[in-house]
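Trainee: With chain A held as given, fit chain B onto it using these hints.
In order, the protein sequence lines correspond to chains A and B. Just add 3 to wherever you are in the first sequence, counting from 1, and you've got my numbering. Just add 8 to wherever you are in the second sequence, counting from 1, and you've got my numbering.
It should be emphasised that the hints constitute simulated quantities derived from the structure, not laboratory data. Be a bit skeptical, because a hint or two may be false.
What the hints assert, rightly or not - The list that follows gives simulated cross-link-like pairs (lysine to any residue, SDA-like), each with its CA atoms no further than 20 Å apart:
1) Lys11/B - Ala183/A
2) Lys66/A - Ala25/A
3) Lys11/B - Ala240/A
4) Lys66/A - Gly145/A
5) Lys11/B - Gly20/A
6) Lys11/B - Val236/A
7) Lys11/B - Arg141/A
8) Lys11/B - Gly145/A
9) Lys66/A - Gly20/A
10) Lys11/B - Arg14/A
11) Lys66/A - Ala144/A
12) Lys66/A - Leu28/A
13) Lys11/B - Thr239/A
14) Lys11/B - Ser113/A
15) Lys11/B - Tyr143/A
16) Lys66/A - Gly78/A
17) Lys11/B - Leu219/A
18) Lys11/B - Ala238/A
19) Lys11/B - Phe110/A
20) Lys11/B - Asp117/A
21) Lys11/B - Ala144/A
22) Lys11/B - Arg214/A
23) Lys66/A - Asp117/A
24) Lys11/B - Leu235/A
25) Lys66/A - Leu98/A
26) Lys66/A - Ser113/A
27) Lys11/B - Gln68/B
28) Lys11/B - His139/A
29) Lys11/B - Ala22/A
30) Lys11/B - Val70/A
31) Lys66/A - Phe110/A
32) Lys11/B - Arg218/A
33) Lys11/B - Lys66/A
34) Lys11/B - Ala166/A
35) Lys66/A - Leu37/A
36) Lys11/B - Val45/B
37) Lys11/B - Leu243/A
38) Lys11/B - Ala208/A
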Amino acid sequence: MSVAAKARAPRREIVAGAAALALGLHLWIAMIALPAAFAGSPGVASWALATAAFAALGVGLAKRSDVLLIVGFPGALVAARAAATNFADPGFAQLAALAAGAIGYLFAASASCDREPPAPRTSRTLAEPVSRRRGHRRVYAGLAALSAAFPLALAYATYGDPAVYAYAEELHASRARPFAAALSLVAVAVWIGLFAYAFAGVMAAHRTGDRALARLLAARRGAGDRSFRAGLVLATAAALALVAVYAAYRAQG
Amino acid sequence: MRKVFYELLALALIGGSLAFFVHAVGYLSRRDYASAVLVSFIGLAVISVGKEMARLALAQKE
Numbered sequence: 004m005s006v007a008a009k010a011r012a013p014r015r016e017i018v019a020g021a022a023a024l025a026l027g028l029h030l031w032i033a034m035i036a037l038p039a040a041f042a043g044s045p046g047v048a049s050w051a052l053a054t055a056a057f058a059a060l061g062v063g064l065a066k067r068s069d070v071l072l073i074v075g076f077p078g079a080l081v082a083a084r085a086a087a088t089n090f091a092d093p094g095f096a097q098l099a100a101l102a103a104g105a106i107g108y109l110f111a112a113s114a115s116c117d118r119e120p121p122a123p124r125t126s127r128t129l130a131e132p133v134s135r136r137r138g139h140r141r142v143y144a145g146l147a148a149l150s151a152a153f154p155l156a157l158a159y160a161t162y163g164d165p166a167v168y169a170y171a172e173e174l175h176a177s178r179a180r181p182f183a184a185a186l187s188l189v190a191v192a193v194w195i196g197l198f199a200y201a202f203a204g205v206m207a208a209h210r211t212g213d214r215a216l217a218r219l220l221a222a223r224r225g226a227g228d229r230s231f232r233a234g235l236v237l238a239t240a241a242a243l244a245l246v247a248v249y250a251a252y253r254a255q256g
Numbered sequence: 009m010r011k012v013f014y015e016l017l018a019l020a021l022i023g024g025s026l027a028f029f030v031h032a033v034g035y036l037s038r039r040d041y042a043s044a045v046l047v048s049f050i051g052l053a054v055i056s057v058g059k060e061m062a063r064l065a066l067a068q069k070e
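Same shape as in the complex, but just chain A (with noise of 0.2 Å):
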């Protein structure tokens, strides 16, 4: 690594776990401490899931532990919301906005817990095509709007949906509230599941240069390569027409 990187790395980290604190800060304000303000006291069990969720922030900020950071700090917070019963259900916008509050501490998080790798024994520098470069640029764009996209989505399926509300009231008259707060809980909990797995997962093996993919594609070039992309293909094109079945069938019913 030059100089100039090695300096940028802390300044860069300092950075995330600012914002990472800052935005972990206004999750804990906006769902515990401004509504406790208006409502009164949520009680003893959801204050003290909230003190468990502050100290795992504090404490993921200066062990730059990911767990903590990604998974400790808003499954308690998430979990002290559900504890406190007194509180009023959150209208869309302002689920829209705490999405959008969650997305933003997810990054910061994300980035203030990146560890650079051990130095290398030998270097030499390789001249990667601009070309490659724009391609990488292209797949982390697609990749961060679909992983903003996904907790929208599924917040307005639990919350903004008015069928699917209208249909939890019909079914469970007095408890339509609480029912549609626990499918909110299972909502965000899909969401980090799905995160950590698809979006998380993909580039944790892209940062360090996903040798077994590499390895793997260079055993199939030449003869059995046809074969492997066909049979690629192929799968691909099942999971698109099982889609678009899916799709069809929802769209008659």
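Mentor: Just chain B now, kept in the frame of chain A:
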């Protein structure tokens, strides 16, 4: 060209899987738990394929 194809496919599959998860939430609200679980599995399968396509797109040299 192959790289762009993999990129578009990855984004289409990951984006398409979102529809399945949204529908799963709808099924949960109707207490149709079996459908919700099934549709979630389909969404998981589609997003897995999209994830592998994204890895392939990032690993392609040109």
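Trainee: To test your reading of the hints: which numbers does this structure violate?
Mentor: Those not satisfied are hints 1, 4, 5, 10, 11, 14, 19, 20, 25, 29, 30, 33, 34, 35 and 36.
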